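Participant: Start from chain A and add chain B according to the hints.
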Amino acid sequence: MHNGGNMIFDDEDQLIAHVENVLKDENHIKNPLYKEYAALFNGYKRLYKQFSRILKISDRQQIELKESREKISRCNYELMREIQERKRIEEELKLANAELERMASIDGLTQVANRRFFDEYIRIQWTSMFRKKSPLSLIMCDIDFFKKFNDTYGHAAGDECLKQVANALQRSVMRPIDLVARYGGEEFCVVLPDTDCNGAYFVAKRIHSEIGQLRLNHLQVKQPITISIGFSWKLPCKGSSPECLLAEADQALYQAKMQGRNRIIAYHDLQQTTYGIESCN
Amino acid sequence: MENLYIKNVLNAPDILLDADNHILEIKGESYPENAREFFSPVVSWIREYVNQLKDQQVTVNIELKYFNSSTAKILFNIFNMLDKEAGKGKRIFINWIYDKRNLNAVEYGEDFKEDIEFAVFTLVPKEYSA
Chain A
1 MHNGGNMIFD DEDQLIAHVE NVLKDENHIK NPLYKEYAAL FNGYKRLYKQ FSRILKISDR
61 QQIELKESRE KISRCNYELM REIQERKRIE EELKLANAEL ERMASIDGLT QVANRRFFDE
121 YIRIQWTSMF RKKSPLSLIM CDIDFFKKFN DTYGHAAGDE CLKQVANALQ RSVMRPIDLV
181 ARYGGEEFCV VLPDTDCNGA YFVAKRIHSE IGQLRLNHLQ VKQPITISIG FSWKLPCKGS
241 SPECLLAEAD QALYQAKMQG RNRIIAYHDL QQTTYGIESC N
Chain B
1 MENLYIKNVL NAPDILLDAD NHILEIKGES YPENAREFFS PVVSWIREYV NQLKDQQVTV
61 NIELKYFNSS TAKILFNIFN MLDKEAGKGK RIFINWIYDK RNLNAVEYGE DFKEDIEFAV
121 FTLVPKEYSA
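These protein sequence lines map, in sequence, to chains A and B. Using this note's numbering, the letters of the first sequence correspond one by one to residues 1 to 281. Using this note's numbering, the letters of the second sequence correspond one by one to residues 1 to 130.
Incorrect hints may have been included.
In silico lysine-lysine, BS3-like type, Cα no more than 27 Å apart, as pairs [said to hold, decoys possible]: (1) K65/B - K100/B; (2) K148/A - K205/A; (3) K27/B - K49/A; (4) K45/A - K84/B; (5) K73/B - K35/A; (6) K84/B - K66/A; (7) K113/B - K49/A; (8) K88/B - K54/B; (9) K45/A - K24/A; (10) K65/B - K27/B; (11) K205/A - K222/A; (12) K65/B - K66/A; (13) K49/A - K73/B; (14) K84/B - K27/B; (15) K45/A - K73/B; (16) K73/B - K56/A; (17) K147/A - K56/A; (18) K66/A - K73/B; (19) K56/A - K100/B; (20) K30/A - K163/A; (21) K126/B - K56/A; (22) K54/B - K71/A.
Just a sample of chain B residues kept apart from chain A, beta carbon distances all over 10 Å, derived [as the list claims (entries may be wrong)]: (23) M1; (24) D18; (25) E37; (26) P41; (27) V43; (28) D55.
Note that these hints are calculated values from the structure, not bench results. Remember, it's a predicted structure, so these values are computed and weren't measured experimentally. Just so it is clear, CB atoms sit at the ideal spot from N, CA and C, and this is done for glycine as well.
The following block holds chain A by itself, in its conformation from the complex (with noise of 0.2 Å):
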């Protein structure tokens, strides 16, 4: 223990034993700096416990630190999860959203647009086409005979009638501006933003020549399917509607019938070659 002189020990506790031994010893009471050796000493022990407290209201608070450290990053962990979990039905809320917008604009049965849609489009494009000074085509179809084609095949085959005609109007247009809807029935409806009568009439051959290659065999149809075809074609302007648009539309469709059915009608033509027919319907 001792070392040339200084004491060395091994620990506060040690120290402290061996000065309460030595200042136990009568002997040194009589020495003059007594007093203030005990007081050195006294004021020693009590640093020495204050200190293990201080430690030890430390240690403690770097307990409550880790564990409220611990706290928050779960509860940012559980916030982070909760925020993706929202995020992904937000997502599935949008899909499920386009895909009700899809439902209630397409016709169930042929994929197309339907009425509602058509009506809504038609009017965009009109005004569109007003903003432009752009010509508006519209075709319309009728399948010719659909009602004797349902009684002759069933309404199974006459679904399946009305599905390949859309699909081969559907083939027939070209530009993802132009539409084609379910106008109702065995009625259908093209909408061709941008066109004059050429261009509404390129688009009625290509539709009836789609038409004329439906083969619908393996429902034991034997005739071919023929549709007839009116088209129209304006110029938008001030105060009109689309109304007149799809009114002359459907006068050239029921000429395309009265002549005979499985034609093509335009209705500037009728204006020339049929003039006074209006007063027939």
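Facilitator: Frame of chain A; chain B shown alone:
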């Protein structure tokens, strides 16, 4: 004797040493840059105050939500000083006011209490809103 108030020092508690009403308060959070320097006038004031104290009852309220180790050491010194005076018969009541919901806070108080022999040292739970 003049009262001593110290308020709004960064990271230091509010100090209200009221010699007229015999209430000494240390409140808030305590982790000043230099705790010895900050508390030096506080310790001096308390020393002077307890020396001239006669038989008045003194209330010491310590309400610290957070304190660092340097503050802990100074608190030990202050409590020792007060306890020594209590040992001479002065009526000193120390209240360790802590957050009821914090289980550690009461233990901190117990650590300080262990050193006290003569003064009345009470652990006072307090309910903090939010």
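Participant: Are any of the numbered hints broken by this structure? If so, which, sorted upward?
Facilitator: 6, 17, 20, 22
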